[in-house]
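My request is simple: use the sequences and hints to build the entire structure.
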Amino acid sequence: MSRTNPLLGAFDAPFGLPPFAELADAHFAPALEAGMAAQLEEVAAIVANPEPATLANTIDALSRSGVLLGRTQMLFENLCGTDSNPERQALDQTFSPRLAAHQDAILLNPELFERIRAVYQQREALSGEGRVLTERTYERFVRGGAELSGEARARFAEINTELATLQVAFAQNLLAQNNAFVHLIESEAELAGLPAGMIQAAADKAEAMGRPGCWAFGCDRTVLYPFLTHARHRGHRQALYQGYLMRADNNDEHDNKANLRRQAALRLERARLLGYRNHAEYELADRMVGGPKPAQALMEQVWTATRRQAETEAQTLQGLIDAEGGDFTLAGWDWWYYAEQHRQQAYALDDAEVMPYFTLDNVIEGAFHTARRLFGIDFKPLPEARLYHEEARAWEVVDADGQHLGVFVGDYFTRDSKRGGAWMTVFREQSRLDGVVRPIVQNVCNFPKPQPGQPALLNFEHVRTLFHEFGHALHGLLTDCHYAQLSGTNVARDFVEFPSQVLEHWATQPEVLAHYARHVETGAVIPASLVARIQALGRFNQGFQTGEFLAAALLDMAWHTLEDTVPEVAELEAQVAERIGLPAAIAYRYRSPAFAHIFAGGYSAGYYSYLYSAVLDGDGFAAFTEAGDLFDPALSAKLRTLLASGGTDKPERLYRAFRGQDPSIDALLANRGLN
155 MSRTNPLLGA FDAPFGLPPF AELADAHFAP ALEAGMAAQL EEVAAIVANP
205 EPATLANTID ALSRSGVLLG RTQMLFENLC GTDSNPERQA LDQTFSPRLA
255 AHQDAILLNP ELFERIRAVY QQREALSGEG RVLTERTYER FVRGGAELSG
305 EARARFAEIN TELATLQVAF AQNLLAQNNA FVHLIESEAE LAGLPAGMIQ
355 AAADKAEAMG RPGCWAFGCD RTVLYPFLTH ARHRGHRQAL YQGYLMRADN
405 NDEHDNKANL RRQAALRLER ARLLGYRNHA EYELADRMVG GPKPAQALME
455 QVWTATRRQA ETEAQTLQGL IDAEGGDFTL AGWDWWYYAE QHRQQAYALD
505 DAEVMPYFTL DNVIEGAFHT ARRLFGIDFK PLPEARLYHE EARAWEVVDA
555 DGQHLGVFVG DYFTRDSKRG GAWMTVFREQ SRLDGVVRPI VQNVCNFPKP
605 QPGQPALLNF EHVRTLFHEF GHALHGLLTD CHYAQLSGTN VARDFVEFPS
655 QVLEHWATQP EVLAHYARHV ETGAVIPASL VARIQALGRF NQGFQTGEFL
705 AAALLDMAWH TLEDTVPEVA ELEAQVAERI GLPAAIAYRY RSPAFAHIFA
755 GGYSAGYYSY LYSAVLDGDG FAAFTEAGDL FDPALSAKLR TLLASGGTDK
805 PERLYRAFRG QDPSIDALLA NRGLN
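Numbering of the sequence shown is given in our numbering, commencing with residue 155 and proceeding in unit increments.
The hints are simulated quantities; they were obtained by calculation from the structure and are not laboratory data. One should not assume that every hint holds.
Said to hold, decoys possible - 27 angstroms max Cα-Cα, derived DSS-like pairs, lysine-lysine:
| no. | residue 1 | residue 2 |
| --- | --- | --- |
| 1 | Lys534 | Lys603 |
| 2 | Lys603 | Lys359 |
| 3 | Lys603 | Lys572 |
| 4 | Lys534 | Lys359 |
| 5 | Lys804 | Lys792 |
| 6 | Lys447 | Lys792 |
| 7 | Lys359 | Lys572 |
| 8 | Lys411 | Lys572 |
Rendered as structure tokens:
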């Protein structure tokens, strides 16, 4: 079978890369079927072992199970996110509930759980990663319903299967809405203010639609934000903005309102089965923050300062509107445009001046340079690597002594087959359980694709995004753990954003910018005066930017602290907006029907974690500024130890070992001008 299905044999491409060139969609179903069957046989062998349960014959054996399934599932899920098609979407709909049921068949296996419990009861005799994995495995089984019985156990499994189906449908509905939305402009005069490259891309899109002489704009954020920032025509700004806000909320076949309300109800029911009052208590029981109440308190503490700043910013922008004779009140579709006018006045800085210094290749090199200086590692291009799409590229990552650390894959441009946003993922996790296995790590972004023959130029938010995702990648690449289940980013959700967010700070430092920020035409290093203006922008518009994020995080928590009837979407969104005093011109960064982080991803009751990690990253980077050296060797070594440790220790201990103290919120407030 492995001769005809490359997923069933060894991955013998260089560095163990998946066999992308030989892969067909028809290969996935047999491989997933074979993987599930093989893992159930492996679990049955653990249960049937007549010897008393030990770390080796139970926890380690369970860690070794499911290699074929895990490898295939990671590959399939990555391709569904980066290069989807109707065949893969159909497979996803078919197998997501089946994979959830398969996982439940393991987590709800009473004989297996008894063996895990027996090892857990002997954990005092264990040490190091063996003890950590034993505790985490036991907790995962308990949270997975292992202590339930009878009807409760059956219902728990039913809920998980239905949730898996709903989450796939949510994501596919959102992708369909993103791809279907088109705003057509027929008059060239109404394009005033838009960058030339954006206009050309819109013309090409319209021509491909059979509307030559027009300009077509989608509502994905790579189009939305530049359009809202530069388009002078207020009506077109409003149309695009409202199209974005109403994604998957148009009462059609791709509407997500009923889907997400059903998810909220099922999550509440599942939490109640396990003895929690709501889904947030269930999700946050093992997080750094310690539960929904502390998370809510942190968000409200920052919200108070954020709202005050946002109201001040709104008054400034309304003043600009009034000064130019605009007879209207600042609305959500106006904020980006007038904030840009204010930015140009206050800082004499706009994207047209900045972007020529940030070509994609140079920014990638800037991220690599930062990693070289901090950790002594290097990146060797792999131009011959055959990947899943022509736009993806790969590098071998090596340590200072030349030792292989892993493979890094970058996929940076937006396309219709790719879901929105930016993320880090893996094709293979690091472990040392059965020999040294090094990771294959991927960054996925959605930067605007340049016109043929033109360089890819990034604005500074794109630069931050690239550094952010690369921080996640370093977490996955530098890890050095015995067990894959503890390696890399397998850490508490509100800690996982720390390595990514802290790396963003290096992107704006003059010493780093001097290395990678060079003019696309002249090669000149970015001027110090321009660097100073970029750095000054760190506090600009933070009332709005932090406000729209916090509004979404508070909305997420509202959905998942429900303890009774699930309200209509518009009702809950209005309740949260009223309770927090959301300014009229600020909307949720993601409205509920398009909030994939929490209804199609792993951030339910956890979107706050970006804020929690911002406390850590502000405080953590302050250690380097206090030392007077951005690449202080001692601090860099401690940071690498934190990254290498994965989930082998509690995150608060890992952070304290790096920083030497508990984190303070002061740096976050100061960095954003909210203090």
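Outcome of the hint check:
no.: 1; hint: Lys534 to Lys603; result: holds (24 angstroms)
no.: 2; hint: Lys603 to Lys359; result: holds (13 angstroms)
no.: 3; hint: Lys603 to Lys572; result: holds (13 angstroms)
no.: 4; hint: Lys534 to Lys359; result: violated (36 angstroms)
no.: 5; hint: Lys804 to Lys792; result: holds (16 angstroms)
no.: 6; hint: Lys447 to Lys792; result: violated (31 angstroms)
no.: 7; hint: Lys359 to Lys572; result: holds (17 angstroms)
no.: 8; hint: Lys411 to Lys572; result: holds (23 angstroms)
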